Amino acid sequence: MKRQRIMAIASGGGHWVQLMRLRPAWEGLDVFYVSLDPSSAVDVPGHRYYTIRDASRKQKWAFLLVAASLLRILLRERPAVVITTGSAPALVAIALARKLFGARTIWIDSIANAERLSTSGQKAGAVADIWLTQWPALTEGEGRRPEHWGAVL
Amino acid sequence: MIFVTVGSMFPFDRLIRVMDEWTARAAPGRVLAQIGHGSYVPSHMEHVRRLSQAEFNDTMARSELIVAHAGMGTVITAGRVGRPLVLLPRIEKWGEHTTDHQIATANWLRGKPGIFVADTDADLPGAIAAARAAGAQEATLPPFADAAFTGRLRAAILGFLDQNAEPRT
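Quick mapping for you: the protein sequence lines, in order, are chains A and B. Start counting the first sequence at 160; every next residue gets the next number (this note's numbering). Start counting the second sequence at 8; every next residue gets the next number (this note's numbering).
Please keep in mind that the hints were generated in silico from the structure rather than gathered at the bench. Note that the structure is a prediction, hence the values are computed from the model and not measured. Be aware that a few hints might be false.
Derived DEER-like restraints, expressed as beta-carbon distance ranges [said to hold, decoys possible]:
#	chain 1	residue 1	chain 2	residue 2	range
1	B	169	A	298	36 to 42 Å
2	B	44	A	205	39 to 45 Å
3	A	188	B	147	56 to 62 Å
4	A	282	B	166	21 to 27 Å
Some, not all, of what chain B presents toward chain A, calculated at C-beta under 10 Å [to be verified]:
#	residue
5	15
6	18
7	54
8	57
9	118
10	153
11	154
12	158
Idealized CB from N, CA, C, for every residue including glycine.
Full structure from sequences and hints, please.
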């Protein structure tokens with residue numbers, strides 16, 4: 160047996176709170192967490208918790224630094240599965256984890272995106288093995304669409 | 008105490024300014040605002056730039072009422088502690104967010120127990136009055152998502168881990 164580790168990653172605020180509501184999905188498994196706010200470590204006592212800086216896709220240099228931090232974390236932890244509730248930095252995480260390390264990836268678009276997928280969520284379709292929206296109506300439309308398995312609320 | 012929060016990402020000066028003016032008029036007792044990186048500094052409410060996660064959760068639990076942007080972190084945390092919540096959605100064209108998804112969030116949450124939506128600044132006093140009249144909610148949100156959803160995710164994760172295990176020889 161090898162590489163049985165799970166990386167659960169989300170941006171701060173609502174993305175993190177939604178990730179926390181999904182914890183039964185990996186309870187008891189070998190999991191570590193990545194988010195933005197150092198103080199969120201209190202939510203996951205007993206687990207390794209890494210922070211990255213926030214950056215939007217438009218801030219090119221900041222975004223590269225975030226990608227470098229994520230690469231360091233991935234090299235150290237070598238997760239087999241990456242699961243996320245967004246946003247942009249998490250899209251980079253699943254892309255790197257899948258393309259460089261062969262990890263399997265799960266994207267759950269935030270429940271805040273009730274009428275259309277987030278921009279990152281739209282792009283996640285290309286790098287997520289499981290690509291989910293929390294809104295049934297968003298599974299319909301032109302081209303490849305995400306699946307709906309449920310919602311955090 | 009009334010707790011006003013703009014969440015952890017972007018400033019929301021409009022909410023802070025309107026609540027500051029309302030506090031001066033209504034004298035509702037202690038009001039604490041988490042204003043983030045906002046440039047409007049309130050003069051009638053107490054304020055902090057940012058609370059840690061633990062302080063934020065604790066402040067929510069100790070509040071009589073929460074007035075906030077329509078962000079899911081605030082909505083879910085308020086539901087967990089059963090406090091009435093007034094929401095003012097951020098508007099994209101005023102530079103308050105990158106999209107208008109908070110309007111959609113406010114629309115689907117409208118009328119849910121403990122949630123009072125103010126579509127405009129002028130709606131805030133009425134929404135606050137309704138929220139105060141409703142008081143604390145008896146039914147609080149359970150800590151985790153529906154078991155059918157987390158169970159399906161767990162099965163998928165375990166499936167991935169199985170495929171990744173080295174074959175026994």
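Outcome of the hint check:
Separated by about 27 Å at the C-beta atoms, residue 169 (chain B) and residue 298 (chain A) break the suggested range of 36 to 42 Å. For residue 44 (chain B) paired with residue 205 (chain A), a C-beta distance near 32 Å fails the hint of 39 to 45 Å. For the hinted restraint 56 to 62 Å between residue 188 (chain A) and residue 147 (chain B), the CB-CB distance of approximately 28 Å leaves it violated. Evaluation of the 21 to 27 Å hint for residue 282 (chain A) and residue 166 (chain B) yields a pass: the beta carbon distance comes to about 24 Å.
A distance limit of 10 Å between C-beta atoms decides the matter here; for residue 15 (chain B) the minimum to chain A is near 4 Å, and the interface restraint holds. With 10 Å as the threshold, the beta carbon of residue 18 (chain B) stays out of range of chain A, its nearest partner Cβ sitting at about 14 Å, so the hint is violated. The beta carbon of residue 54 (chain B) is not positioned within 10 Å of any beta carbon in chain A (closest approach about 19 Å), and the interface hint is therefore violated. Interface hint at residue 57 (chain B): satisfied, since its Cβ lies 9 Å from the closest Cβ of chain A, which is below the 10 Å cut-off.
Taking 10 Å as the C-beta cut-off, the interface hint given for residue 118 (chain B) is violated, the closest approach to chain A being about 15 Å. Because the smallest distance between the Cβ of residue 153 (chain B) and any Cβ of chain A comes to about 6 Å, under 10 Å, the interface hint for this residue holds. The closest approach between the C-beta of residue 154 (chain B) and any C-beta of chain A is roughly 7 Å, which is under the 10 Å cut-off, so the hint is satisfied. Because the smallest distance between the Cβ of residue 158 (chain B) and any Cβ of chain A comes to about 8 Å, under 10 Å, the interface hint for this residue holds.
Hint check: violations occur at hints 1, 2, 3, 6, 7, 9; the rest are consistent with the structure.
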